[in-house]
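Using the sequences provided together with the hints, build the complete structure.
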Amino acid sequence: MLARRACLALAAAPFLAPLVAQAEVINVSAAELVAMHLKADGITLDFPSLADTGASVPLGADIVAPAGQKIESIEVFLPANPNTRALKLKLAEPLAHFVFTTRLRLAGSQDVWVVATLSDGSRIGARAPTVVTSSACFDAS
Amino acid sequence: MATNIPSRLTFAGAIRPGNTIEARWIVGHPMETGFRIDDAGQRILRNVITQVRVLLNGKLILELEPGTGMSANPYLTFPVTVPLTGGSVRVEWLDDAGQRGSVQQLLLLEP
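Those protein sequences? They're chains X and C, same order as listed. Residue numbers for the first sequence follow the numbering used here, beginning at 1 and rising by one. Residue numbers for the second sequence follow the numbering used here, beginning at 1001 and rising by one.
Everything labelled a hint here was simulated from the structure, so no lab data went into it. Even glycine gets a Cβ: it sits at the ideal position worked out from N, Cα and C. Worth double-checking, as some hints may not be accurate.
[Claimed, not checked] Per the computed footprint, the stretches of chain X lying under chain C, defined by three or more beta-carbons under 8 Å from a beta-carbon of chain C, are: (1) 45 to 59; (2) 62 to 72; (3) 81 to 95.
Right under this line is the structure:
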């Protein structure tokens, strides 16, 4: 009985593997973002270079997709935070131009990354640095 | 689970057919990260808004997946293109504790 079960598991493994691989990775490190070599054309970020507290730092982003492309989704990453993806916006109706502002919680001084996924699956992204003089994320340490 | 968490939705710009205006949404949610500990040394449970849906005349236009990196009292502005006959914008949210909330605002066309 066990042998049969093991055989079934082995047989099913190739079909199960892609499901696992597709699971969305939410924690993206700064190194991984840099390694994407994202082009910043069309993205304008409005982010303070100095923030007194990381509790609420305003971010403004103006994203214009390259000609013939549309924006499918936008992600905001804070690589120095415990959970690096602060926000994901999914556009149910893709647009060529999207403007948004929000407020972020920063664990410390870092670059904020705004990455947009375009209709052809490619990505564009830009980053903006900030210096935080006190942290908003507390851990047990 | 319904809540009495306050939420507000306003518009900036001329509400005319075809015009793209700015919608501003804020909700009075603590967005507990789960990293804090209280005075008794107990970890405060994570409770952040994890899902937000924006509907224009009942049709989904924008979906949000906020995380712990969003500030308390999450705030977002986003563009909305006014339909020819006006209508309404509705924002619905769901958090880790299973609480839900929504706010709706009419797009009253300017003459």
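Out of the numbered hints, which ones does the structure contradict?
-> Number 2 only.
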